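Colleague: One line per chain: the protein sequences are Y and W, in this order. Each residue of the first sequence is one higher than the one before, starting from 1 at the first, in this note's numbering. Each residue of the second sequence is one higher than the one before, starting from 246 at the first, in this note's numbering.
Heads up, some of the hints might be wrong.
[Said to hold, decoys possible] Restraint-style ranges between C-beta atoms, simulated for each label pair:
#1 W:563 / Y:89: 42 to 48 Å
#2 W:535 / Y:159: 45 to 51 Å
#3 Y:102 / W:489: 52 to 58 Å
#4 Y:80 / W:489: 36 to 42 Å
#5 Y:94 / W:475: 34 to 40 Å
#6 W:535 / Y:76: 31 to 37 Å
#7 W:603 / Y:172: 56 to 62 Å
#8 W:603 / Y:210: 58 to 64 Å
#9 Y:170 / W:532: 27 to 33 Å
#10 Y:64 / W:475: 48 to 54 Å
#11 W:415 / Y:196: 57 to 63 Å
#12 Y:231 / W:442: 52 to 58 Å
#13 W:452 / Y:126: 49 to 55 Å
[Claimed, not checked] If we take Cβ atoms under 7 Å as the criterion, some of the chain Y residues that face chain W in the derived model are:
#14 44
#15 48
#16 51
#17 206
#18 207
[Stated by the list, open to error] Listed below are the simulated DSS-like cross-link pairs for lysine-lysine, each with C-alpha atoms no more than 25 Å apart in a straight line:
#19 W:474 / Y:227
#20 W:504 / W:306
#21 W:310 / W:513
#22 Y:219 / W:471
#23 Y:227 / W:471
#24 W:385 / W:469
#25 Y:227 / W:472
#26 Y:227 / W:385
#27 Y:23 / W:469
If you are wondering where the hints come from, they were derived from the structure by calculation, not from laboratory data. Because the structure is a prediction, the values reported are computed rather than measured. All C-beta atoms in this analysis are idealised placements derived from N, C-alpha and C, irrespective of residue type, glycine included.
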Amino acid sequence: MKKDKIITNNGFKKFSREGTGIKEVDSMIEGGFPENSVIGLSGPPGVGKSIFTMHFLLEGARKGEKCLYINLEEPEKNINNLIMQFDFSDEFKRYINEGKIIIKCYSYNEYEQIYLELFEKIKEDNSLKRIVIDTFNCFFSSILPEDNISGSGFKSIKKTINEIFSILRAKNSVTLVVLEDIYNKESTVYYNIPHLVDGMINLDFLELGTIERRIFIPKMRWTNQYKESRVFEINVKGINILEGE
Amino acid sequence: MVDNIKKYFFEKMIFPKRFIINKPGAIINRLGGRFNFSNNQMRSIFYFEDSIVFLQNETEKILNKTENYELWYNIGRDTMIRYILLGIKKRPPKFMINTVLQNIFLGFCTSGFTATRDFFYDPEKRVIILKGRDNIVCRKSKIPAQFCGGISALVSFLLNDSFYASTECNNCPCECKIIAKKIPGSGFNPNMEDMEIERDYSRLNFQENSESLGVFNSFSDLMKFKKLKFDQDEKYSFMNHAVLATNSDLFGLIVYNFKKIGKYDFLKKTIPLISRKITDELLLDQTNIESKLSIVKNIISAFGLGIFYFERSENSIIIRLKNPPITKFGFDYHAFEIQGILESVFNNNLKLDKIETIKKPVVIKLYYTLVQ
């Protein structure tokens, strides 16, 4: 199938971009994520990060791209239950059956053992065009719990993260790494990941009587991204960016 | 001019450079670097302009004008003394005084104290004149005492001499004019016995670990979500009420000064009434207790009063504030204020039974009984 990539010119180089699956978010980042990038997606629990990733995967599958979704916290049953809430569930399931979207769920004990193998497998599979890791910081808190971090342990994890990102960037794909917001954002469980990724999408909510959700894009390399935030809601269509600010 | 003030406010005054820690429950104002060599920190909180306006006006009903003026002048002076001892500490060199004063008054302006928009200093006559309009708090209360007291302390410290500040305003709030003049006496001589910074101030107020159970908002979240608006009067407003920041001592110093004149019981009765009135306005659109408590929890947290936990059993309510601002002047004001907030939420009168301060970890517990 012919790939329909968006080309923009930032004045220095033409970048191919991958749509996020949400057109209003695409318009905030000049059409989509830059090619071969690793993008962080952060936010507190329940804000809509996993739903965002569903849009991203669906967009890829619609274009005929092979997409991999790795979940390190929930069993596959929970992922299915999440998908079922939305209008796109039938289409999503069809792509799973066709092998365009691959769902892999690992439990806490498993990924402690397999994380290196997993990235070696990703490295070898050249057909993958979109990868989601949900949540990425889980890997490291399992390897080295936060209360047991020493200087050398932290450095070793940073080295591992850099190696993983190199593997991901070397592929002809875009990777979305989901970062769970721990309540204290200065926690080392973040391992400086926002500095290491090529872009950050931050979803957040504020509760003042009603819950208001916003999307912020504080960083997107090689992109003149929209600097203001946008309000969004979650409904049967998934994430819906609202008009105005 | 407005755009310049806004730009200055964000880039220089408060966020992100001035507040090095702005997280749920705590706002820490870090000063220094430019005019001294140490990094000075103090705990700050935000509050609604109306809370002080109403209190100043209510107090005038039980004191005469002169006594009320003197009371609030002393409160302003003491608050500024604490600000100086915590935040400024060292005098700048004489040749920098003009620049320092300009910088400070511009900073005041961006916080809503727009009486300091224009500044004139005559070093020979030892006079400072400030002009502007629409100065926050006194624009509504018509009592400029607190602001004058603060200015007198600040100028006395910076110029190391005794100054007294008074007003020659016209057509309030349209033409503000504050004059700080040298008065007999020399040097800056605050009452150090009472004002001196307590030894454990830093340990109690700058806790590193402030993890909390549940999601609480910080003040910068309110800004991120555009809930904080810069209104046409160049004041920051939240939910249609003007807000401003202060070092957290202000409210303890209010109680300290009221106690000195034997009017503590008046505060005990009046603060909850004022706080209830303001909360009623803020929660007007809310119909159930859960949503009201959720708003209250987030406002208290975002304004820097600590992380708010609520427990209720039958007729009693316990409020636990994690990492609240702690000063030697006590937490009474905020305890009465929270009483009024809860009275609004539950539409019921309460009685404050006890304030318990635990220093490790830093928690304040407030015990209330519902009054039938």
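Colleague: For every hint, state whether the structure bears it out.
Modeller: Consistency of the hints with the structure:
1. W:563 / Y:89: 42 to 48 Å: Holds: the Cβ-Cβ distance is about 45 Å, inside 42 to 48 Å.
2. W:535 / Y:159: 45 to 51 Å: Given a distance of about 47 Å, which is inside 45 to 51 Å, the answer is holds.
3. Y:102 / W:489: 52 to 58 Å: holds, 55 Å
4. Y:80 / W:489: 36 to 42 Å: Violated - the Cβ-Cβ distance for residue 80 (chain Y) and residue 489 (chain W), about 52 Å, lies outside 36 to 42 Å.
5. Y:94 / W:475: 34 to 40 Å: Distance hint for residue 94 (chain Y), residue 475 (chain W) is violated at roughly 50 Å.
6. W:535 / Y:76: 31 to 37 Å: holds, 34 Å
7. W:603 / Y:172: 56 to 62 Å: Once the Cβ atoms are compared, 58 Å apart, the range 56 to 62 Å for residue 172 (chain Y) and residue 603 (chain W) holds.
8. W:603 / Y:210: 58 to 64 Å: violated, 34 Å
9. Y:170 / W:532: 27 to 33 Å: violated, 56 Å
10. Y:64 / W:475: 48 to 54 Å: Given range 48 to 54 Å: holds, Cβ gap about 49 Å.
11. W:415 / Y:196: 57 to 63 Å: For residue 415 (chain W) and residue 196 (chain Y) the Cβ distance comes to about 60 Å; the hint holds.
12. Y:231 / W:442: 52 to 58 Å: violated, 44 Å
13. W:452 / Y:126: 49 to 55 Å: Because 51 Å falls inside the window, the suggested range holds.
14. 44: holds, 6 Å
15. 48: Result: violated, 14 Å to nearest chain W Cβ.
16. 51: violated, 18 Å
17. 206: Result: holds, 4 Å to nearest chain W Cβ.
18. 207: Hint on residue 207 (chain Y): holds, closest Cβ of chain W at ~5 Å, below 7 Å.
19. W:474 / Y:227: Given that 25 Å is the threshold and the Cα spacing comes to 18 Å, the pair holds.
20. W:504 / W:306: Status holds; Cα separation ~17 Å.
21. W:310 / W:513: Holds, because 21 Å separates the two Cα atoms, which is no more than 25 Å.
22. Y:219 / W:471: This hinted pair holds, its Cα atoms lying about 20 Å apart.
23. Y:227 / W:471: holds, 14 Å
24. W:385 / W:469: violated, 29 Å
25. Y:227 / W:472: The hint holds at about 17 Å.
26. Y:227 / W:385: violated, 37 Å
27. Y:23 / W:469: holds, 23 Å
Consistency with the previously given hints fails for numbers 4, 5, 8, 9, 12, 15, 16, 24, 26, ordered from lowest to highest.
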